[in-house]
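Novice: One-letter residues, chain by chain:
There are 2 protein chains.
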Amino acid sequence: MSGMVPNMAIPVHVAPAVFDLDGWAGERLAQVERALDRWVTADVPQGLNHGAPAELVAAMRYAVLDGGKRLRPLLVLAAHEAVCEEDCDTCLSAALRAACAVELIHAYSLVHDDMPCMDNDVLRRGKPTVHVQFGEASALLAGDALQALAFELLTPQDGSVAPTVQANLCGLLARAAGSAGMAGGQAIDLASVGSPLTESQLREMHELKTGALLQASVVMGAYCGAPEPDTLQALQAYGAAIGLAFQVVDDILDVTADSTTLGKTAGKDADNHKPTYVSLMGLQASQAYAQQLLTQARLALDGSGLSQTQTRALRALADMVVNRAH
Amino acid sequence: MSGMVPNMAIPVHVAPAVFDLDGWAGERLAQVERALDRWVTADVPQGLNHGAPAELVAAMRYAVLDGGKRLRPLLVLAAHEAVCEEDCDTCLSAALRAACAVELIHAYSLVHDDMPCMDNDVLRRGKPTVHVQFGEASALLAGDALQALAFELLTPQDGSVAPTVQANLCGLLARAAGSAGMAGGQAIDLASVGSPLTESQLREMHELKTGALLQASVVMGAYCGAPEPDTLQALQAYGAAIGLAFQVVDDILDVTADSTTLGKTAGKDADNHKPTYVSLMGLQASQAYAQQLLTQARLALDGSGLSQTQTRALRALADMVVNRAH
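Chains B and E supply the protein sequences, listed in that same order.
Residue numbers are given in the numbering used here: position 276 of the first sequence equals residue 276, and the series is strictly consecutive.
Residue numbers are given in the numbering used here: position 85 of the second sequence equals residue 85, and the series is strictly consecutive.
Any given hint could be a false lead.
What the hints assert, rightly or not - Where chain E lies over chain B, by a calculated footprint (3+ residues, C-beta under 8 Å): (1) 55-61; (2) 107-120; (3) 133-139; (4) 171-178.
In short, the hints are calculated from the structure, not lab data.
Glycine included, each C-beta is placed from N, C-alpha and C at the ideal position.
Given these sequences and hints, build the entire structure.
Specialist: Written out as structure tokens, the structure reads:
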């Protein structure tokens with residue numbers, strides 16, 4: 001008998017339980033999806049958007065629901081869980097609102113970015129883009145309304161989020177979305193098509209375009225709790241590293257993955273003569289750079305004053321950002 | 001001698017000093033212009049927009065500076081002065097930020113509204129529209145960044161505005177700008193071109209499109225002080241009446257004024273077969289309706305618990321809205 005199943009009888013070294021990111025993320029994504037479904041609707045009397053025209057809300061829902069990796073909401077919730085010592089309902093309510101608010105900003109930016117006067121893209125998350133489905137004017141207005149809705153989400157009037165937290169979250173989100181954040185990065189991106197950028201200019205562009213909102217997601221999540229200054233600084237550094245890594249990997253995937261895997265048109269950057277990390281550094285150096293940024297993100301967490309357990313979701317998300325296939 | 005200058009010797013009845021709206025507004029507009037000039041720039045180190053690309057900020061400044069009636073900022077400041085008992089620097093700082101924030105939202109809505117996929121207008125405030133001057137993509141991004149900047153203005157990190165006031169102002173502005181406010185009204189407007197609307201549908205459209213932000217201007221100004229509930233309700237009613245009156249008069253001017261006086265293309269609504277109060281009610285009935293709304297606005301102020309002196313700027317602004325020539 002023992003010869004037949006030798007391993008069962010011999011004690012083996014048991015590795016520490018590996019954090020189950022899929023399980024963790026699955027639960028939180030379900031929460032986020034339910035919240036977005038409830039908050040981006042005109043069907044709830046006295047609710048958000050109540051009194052809004054049905055066609056506009058339909059375009060907003062189309063832009064937001066059933067799609068995307070939801071990386072930003074997951075970062076908000078992971079940072080909140082890292083900082084918040086207790087399972088406090090008030091903090092969680094704020095964090096869920098913050099998670100949805102950053103996703104609304106991200107979704108609106110994609111709607112506007114896909115429009116004919118910008119990237120003129122027809123495919124997004126495997127579906128026709130909003131302007132293809134609803135027309136350009138509706139896409140423009142749906143994007144505008146989604147941005148406003150993000151700030152509405154952060155300012156509930158039911159006492160569920162402390163005014164100081166509301167004010168902090170609105171300020172962080174506004175700065176990350178605006179001219180010195182996401183919108184500014186898109187403007188640089190637009191101006192850079194066909195023109196040579198240095199690596200530092202490319203990094204600056206991405207720090208604004210993608211990095212600002214990813215970093216804000218981490219910081220907003222932390223602000224839903226009561227972070228120590230050192231912890232906040234470490235989380236900002238973590239956010240900066242993965243914000244940049246996200247874009248480097250995006251550029252890598254644009255040349256290594258196909259459209260079906262990506263859910264959007266692959267190879268588009270090269271076709272548009274857009275500067276990318278790959279076009280600037282080459283594929284191999286870009287891959288090495290992404291790994292280096294992952295190390296930076298981990299080191300930031302090591303110095304955050306938070307435990308391995310507290311930061312496990314943030315660590316796993318950093319891995320996912322760098323090692324994802326789409 | 002006395003026969004030569006008789007009036008000097010005879011005492012005459014002196015009428016109560018008439019409120020000098022032009023003088024009052026002139027001072028406040030100068031403040032608003034200076035504030036917008038300072039806040040919509042990338043030139044101030046550590047300031048708003050610092051690090052933003054120059055071209056984007058140029059488009060934002062073009063959209064906002066040197067133009068417009070600035071009705072919304074004046075409403076904010078008039079409501080603030082009506083409510084705030086003392087000449088308190090903190091309140092005034094909040095009110096000036098709120099005044100500029102509503103103007104940024106208004107300015108962004110015009111930029112997007114003028115774009116080819118919406119009204120396709122080439123003239124605004126007597127100048128080429130933003131997309132004509134800077135291109136469509138820049139106009140889109142400048143509008144997006146102006147909306148974010150509005151919320152950034154409302155959330156200063158220097159302690160000059162109390163967190164509760166910041167949260168209130170952000171919430172009011174977000175609701176007024178979003179799907180159940182301005183953006184929603186624009187969506188209804190868009191869908192209504194060439195289709196017959198009833199008077200109540202037309203009113204609903206305008207309540208969202210123009211009314212929500214005008215009303216929010218009044219309420220935000222009041223919230224910078226500490227309004228009594230009854231006063232707040234009265235100011236909301238005042239805001240609703242002049243919000244509607246503003247649009248009725250706009251429709252009247254579209255058929256009675258010329259493009260030079262308006263600073264934009266006159267007769268455009270009729271050309272586009274857009275439903276207007278004039279097309280629905282006729283010119284004379286529209287003019288009577290505007291006067292009726294002015295009376296409603298005055299009655300609301302009479303019942304506000306505020307004195308004639310406290311509400312003099314709000315009264316004069318209501319007169320101006322209804323009796324303006326452009």
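Novice: Could you run down the list of hints and mark each one as holding or not?
Specialist: Right, here's what the structure says about each hint:
no. : hint    : result
1   : 55-61   : holds (count 4)
2   : 107-120 : holds (count 6)
3   : 133-139 : holds (count 4)
4   : 171-178 : holds (count 6)
Consistency with the previously given hints is maintained throughout, with no hint failing.
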